[in-house]
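The numbers in the numbering used here rise by one with no breaks, and the one at position 147 of the sequence shown is 147.
The hints are simulated quantities; they were obtained by calculation from the structure and are not laboratory data.
It is possible that part of the hints are untrue.
[Unchecked claim] Derived EDC-like pairs (lysine to aspartate or glutamate); straight-line CA-CA distance at most 20 Å:
| # | residue 1 | residue 2 |
| --- | --- | --- |
| 1 | K169 | E109 |
| 2 | K180 | E167 |
| 3 | K178 | E168 |
| 4 | K129 | E81 |
| 5 | K228 | E109 |
[To be verified] Pair ranges (Cβ atoms, derived):
| # | residue 1 | residue 2 | range |
| --- | --- | --- | --- |
| 6 | A117 | G166 | 19 to 25 Å |
| 7 | N231 | N69 | 36 to 42 Å |
| 8 | N69 | P201 | 42 to 48 Å |
| 9 | T125 | A229 | 24 to 30 Å |
| 10 | K173 | Q142 | 43 to 49 Å |
| 11 | D190 | A117 | 29 to 35 Å |
| 12 | R95 | Q47 | 22 to 28 Å |
| 13 | A183 | R95 | 16 to 22 Å |
| 14 | N134 | D227 | 15 to 21 Å |
In this text, a Cβ means the ideal position worked out from N, Cα and C, and glycines have one as well.
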Amino acid sequence: MKQTIISAAFLAALAFSPAEAGRIEHPLGVLELFTSQGCSSCPPADQAAAEIADQGDIIVLSYHVDYWNYLGWTDTMSSRENTERQYAYGEAMGRSGVYTPQAILNGREQMIGTSSADLNENFDTLAGKGEGLNVPLSTRMQGDEVLIDIGSGAGKADVLVVYFKGEEKVAIKEGENKGKTIAYRNIVTDVQTVGMWHGEPTRITLPARVLDPRDSDGCAILLQTTDKAGNPGPILGATLITTH
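Please model the complete structure; the sequences and the hints are all you need to start from.
This is the structure:
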């Protein structure tokens, strides 16, 4: 658990209206892209993720994995935790392995994430099947506390805070993408579980320092189910907050 005091800028972002702060309050879906600076197939997917992020109606989260680092370039944003999350999705979906660029949509389906048009089409298909984000989720500040309000629904789920950096350009000097400068969006830096939901309207109260933005530009809050082994499953609700 983070222990420093949240900045005034981040508190303001929580308090402002959607137009005044970077928020996606009622997203159509959540796109999790597993990518790597060392993967020659990934730049089109990074671009597609940026296009989806610019739409403003789908939450985009980029997880940089570390298993391509041996190819001559160590991904400056990669982490073992991101790789473990991807493998956990693979286990939950009954897959024998993982790959990049892999897009996970609403925690339910996976696809090669190189086309924003295909991604949007699949999100529409999920929504049509009732597999969109159907549980309302919102946040607001009250004094020095963060209130997370979750609506009613079926089942139970974890409440996750996913911290990210908004955008970063990287000049890649070695490896398969040598010579390219690539812009990455919503780069995940940490994931924390902060509570649980059991299907009834729920309010989770957290100290404001939980959203300390020292190493991030914002966070997404996800309401996500797990399987019996604890692997990530369908995302039922989500919201996103940035500091600009």
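For each hint, the structure was consulted:
{"no.": "1", "hint": "K169 to E109", "verdict": "violated (29 Å)"}
{"no.": "2", "hint": "K180 to E167", "verdict": "holds (16 Å)"}
{"no.": "3", "hint": "K178 to E168", "verdict": "holds (17 Å)"}
{"no.": "4", "hint": "K129 to E81", "verdict": "violated (31 Å)"}
{"no.": "5", "hint": "K228 to E109", "verdict": "holds (18 Å)"}
{"no.": "6", "hint": "A117 to G166: 19 to 25 Å", "verdict": "holds (24 Å)"}
{"no.": "7", "hint": "N231 to N69: 36 to 42 Å", "verdict": "violated (24 Å)"}
{"no.": "8", "hint": "N69 to P201: 42 to 48 Å", "verdict": "holds (44 Å)"}
{"no.": "9", "hint": "T125 to A229: 24 to 30 Å", "verdict": "holds (27 Å)"}
{"no.": "10", "hint": "K173 to Q142: 43 to 49 Å", "verdict": "holds (47 Å)"}
{"no.": "11", "hint": "D190 to A117: 29 to 35 Å", "verdict": "holds (31 Å)"}
{"no.": "12", "hint": "R95 to Q47: 22 to 28 Å", "verdict": "holds (25 Å)"}
{"no.": "13", "hint": "A183 to R95: 16 to 22 Å", "verdict": "violated (29 Å)"}
{"no.": "14", "hint": "N134 to D227: 15 to 21 Å", "verdict": "holds (19 Å)"}
Consistency note: the structure conflicts with the earlier hints numbered 1, 4, 7 and 13.
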